[in-house]
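*Asks:* Line by line, the protein sequences are chains A and B. Position 8 (the first sequence) corresponds to 8 in our numbering; numbering is contiguous. Position 126 (the second sequence) corresponds to 126 in our numbering; numbering is contiguous.
The set of hints was computed from the structure by calculation and includes no laboratory data. Take these hints with a grain of salt, some might be off.
What the hints assert, rightly or not - Below are the DSS-like pairs computed for lysine-lysine, each with C-alpha atoms no more than 30 Å apart in a straight line:
#, chain 1, residue 1, chain 2, residue 2
1, A, LYS72, B, LYS37
2, A, LYS72, A, LYS98
3, B, LYS5, A, LYS125
To be verified - Which stretches of chain B does chain A cover? Using the computed rule of at least three CB atoms under 8 Å from a CB of chain A, they are:
#, region
4, 2-10
5, 123-136
6, 242-256
Keep in mind the model is a prediction, meaning the values are calculated, not measured. Ideal Cβ positions, reconstructed from N, Cα and C, are used throughout, including at glycine.
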Amino acid sequence: MNIIETNKLTKKYGKARGIDELNLKVEQGDFFGFIGPNGAGKSTTIRTLLGLISPTAGSAKVLGYDIVSDSKKILQNTGYLPSEINFYNGMKVKDVIKYSADLRNAKCTDKALSLAKRLDLDMNKKVSELSLGNRKKVGIVCAVQHSPSLLILDEPTSGLDPLMQREFFSILNEENQRGATIFFSSHILSEVQTYCKSAAFIKDGKIIISDKVEKLEETGAKKVTVKTSEGTNEYLFKGDIKELLNDISSKNPIDVTITEPSLEDIFMNYYE
Amino acid sequence: MYIFKQEIRSQKLPIIIWSLSIGLLIAMCVLMFPDMKSQMDDVNEMFSSMGNFTSAFGMDQLNFGTITGFYAVEGGNILAIGGAFFAAITGISALLKEEKDRTAEFLLTHPVTRVKVVAEKLLSVFAIITILNIIVFICSVGSILIIGEEFDWKIMILFHLAYLLMQYEIAGICFGISSFLRKSGLGIGIGIASVFYFLNIVANISDDAKSLKYITPFGYTEGSDIINNKTLEIKYLIPGMILMLVGIIIGFIYYKRKDINS
Chain A
1 MNIIETNKLT KKYGKARGID ELNLKVEQGD FFGFIGPNGA GKSTTIRTLL
51 GLISPTAGSA KVLGYDIVSD SKKILQNTGY LPSEINFYNG MKVKDVIKYS
101 ADLRNAKCTD KALSLAKRLD LDMNKKVSEL SLGNRKKVGI VCAVQHSPSL
151 LILDEPTSGL DPLMQREFFS ILNEENQRGA TIFFSSHILS EVQTYCKSAA
201 FIKDGKIIIS DKVEKLEETG AKKVTVKTSE GTNEYLFKGD IKELLNDISS
251 KNPIDVTITE PSLEDIFMNY YE
Chain B
1 MYIFKQEIRS QKLPIIIWSL SIGLLIAMCV LMFPDMKSQM DDVNEMFSSM
51 GNFTSAFGMD QLNFGTITGF YAVEGGNILA IGGAFFAAIT GISALLKEEK
101 DRTAEFLLTH PVTRVKVVAE KLLSVFAIIT ILNIIVFICS VGSILIIGEE
151 FDWKIMILFH LAYLLMQYEI AGICFGISSF LRKSGLGIGI GIASVFYFLN
201 IVANISDDAK SLKYITPFGY TEGSDIINNK TLEIKYLIPG MILMLVGIII
251 GFIYYKRKDI NS
């Protein structure tokens with residue numbers, strides 16, 4: 001079953017484009033990376049799926065429910081971490097986490113406490129005194145504490161230090177192993193490559209490719225770095241290897257490296 | 001009712017500040033009455049020679065020498081301005097502040113329907129205004145009891161009821177308008193309350209503009225009408241309540257479709 005399935009989903013802001021006839025499928029149990037540069041439509045897609053904004057055209061189903069008519073049922077089993085997260089001034093961390101659980105009619109104090117401990121989050125601090133990274137941690141607890149079947153995260157690692165990022169992904173991994181589907185947007189390709197099973201590239205409001213990460217890496221292309229007396233040249237090569245080697249030797253190389261391209265190289269290739 | 005509770009909790013401080021400011025100001029005026037009573041004959045005479053100014057505030061039909069008349073003008077004006085502004089601010093910001101403080105994204109990605117959010121917010125607005133009016137009422141009654149003047153309590157209750165309904169109306173209208181605003185609407189809220197207040201003054205000054213009383217909620221809070229008729233002016237009250245309901249319905253309809261942008 002597809003946990004997220006959009007059908008020509010379109011959102012226009014007046015005349016400006018948000019997303020344009022977007023088709024996206026995310027399977028149950030997937031760990032899905034949603035990649036694209038700023039302004040490509042990542043947040044618009046996520047906000048439309050969650051019912052914060054309504055689509056101009058097209059349709060989408062999340063957890064089998066229609067995003068327009070059954071938003072409440074979707075939200076009941078979804079955890080969401082926005083990219084820029086803000087809370088009510090004057091509330092303490094534990095108040096926000098409790099309020100979030102209350103709004104879901106969920107009792108999950110134990111899980112909330114253990115998450116807060118793992119993320120090194122002080123429950124008695126006022127949320128207005130928190131840094132971006134610490135606000136993000138509160139958001140993570142709110143998104144995960146009720147053990148949802150779908151986790152949607154919008155650029156989740158921004159503001160977190162590397163240690164916390166690792167802890168964060170290990171939490172996501174556990175949730176994924178529990179059966180939750182993870183869908184997160186990012187422009188940091190290395191983290192998508194390390195953690196995700198599948199990924200999609202979005203450009204100008206459209207999905208340009210969506211597949212398993214290993215398939216995306218298997219493009220048949222090679223990343224070639226050739227060092228000559230004139231300087232270093234780096235490029236992607238696809239085709240007959242013999243031809244490549246002939247070409248390189250004709251350049252009088254000092255040094256040569258031929259590697260599998262990283263997701264980042266593939267990504268750059270798509271956007272150039 | 002978690003949204004309702006959260007709303008009341010977050011508004012605790014403004015409620016206390018506004019209630020005590022209005023309540024204590026009224027109480028101070030009432031406590032000054034015994035000293036002023038002896039001079040009130042002169043005041044009445046003075047006001048009667050001031051023509052339009054007197055009628056603008058409905059003072060032409062009130063006797064300043066009695067606590068009831070005095071209270072209707074002094075208490076009435078304080079509660080009219082203070083209460084109307086508070087109601088306007090509360091009504092217009094209940095939904096909007098979630099967007100302004102960027103907490104709407106948090107709230108609306110929880111499994112609560114927009115209708116439920118609007119309903120609980122609306123309920124909290126009415127509750128907050130009611131709390132303010134109860135505190136003000138206690139301050140007023142207390143101060144009148146302290147000075148020990150004879151007072152017609154039926155008028156007192158009708159008078160405060162009229163002001164409570166006036167605040168509900170302004171809050172309801174502002175609440176509806178807020179559903180299609182973005183960011184802060186405080187200026188618009190206060191503007192609406194002020195326009196209503198001045199419309200009533202115009203209606204009081206000019207007989208040709210009397211029909212404005214059907215539009216402004218201050219039409220049914222006129223102290224002289226309440227004291228002389230011992231009832232609320234139903235003909236002004238009904239259009240006001242309809243206006244309030246229209247505001248609320250617009251709020252429900254528009255907020256349901258509103259795009260919450262980051």
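*Asks:* Is it true that the CA of B/LYS5 sits at most 30 Å from the CA of A/LYS125?
*Replies:* Judged against 30 Å, a Cα distance of about 21 Å means the pair holds.
*Asks:* Do at least three Cβ atoms from the region 242-256 of chain B come closer than 8 Å to Cβ atoms of chain A?
*Replies:* violated (count 0)
*Asks:* Run the distance test for A/LYS72 versus A/LYS98: straight-line Cα separation, threshold 30 Å.
*Replies:* This hinted pair holds, its Cα atoms lying about 19 Å apart.
*Asks:* Is the hinted pair A/LYS72 and B/LYS37 satisfied, with a Cα-Cα distance of at most 30 Å?
*Replies:* 63 Å, violated
*Asks:* For the region 123-136 of chain B, count the residues whose Cβ lies under 8 Å from any Cβ of chain A; is that count three or more?
*Replies:* violated (count 0)
*Asks:* Can you tell me if the region 2-10 of chain B counts as covered by chain A, using C-beta to C-beta distances under 8 Å and a minimum of three residues?
*Replies:* holds (count 4)
In this structure, the hints that do not hold are numbers 1, 5 and 6, in rising order.
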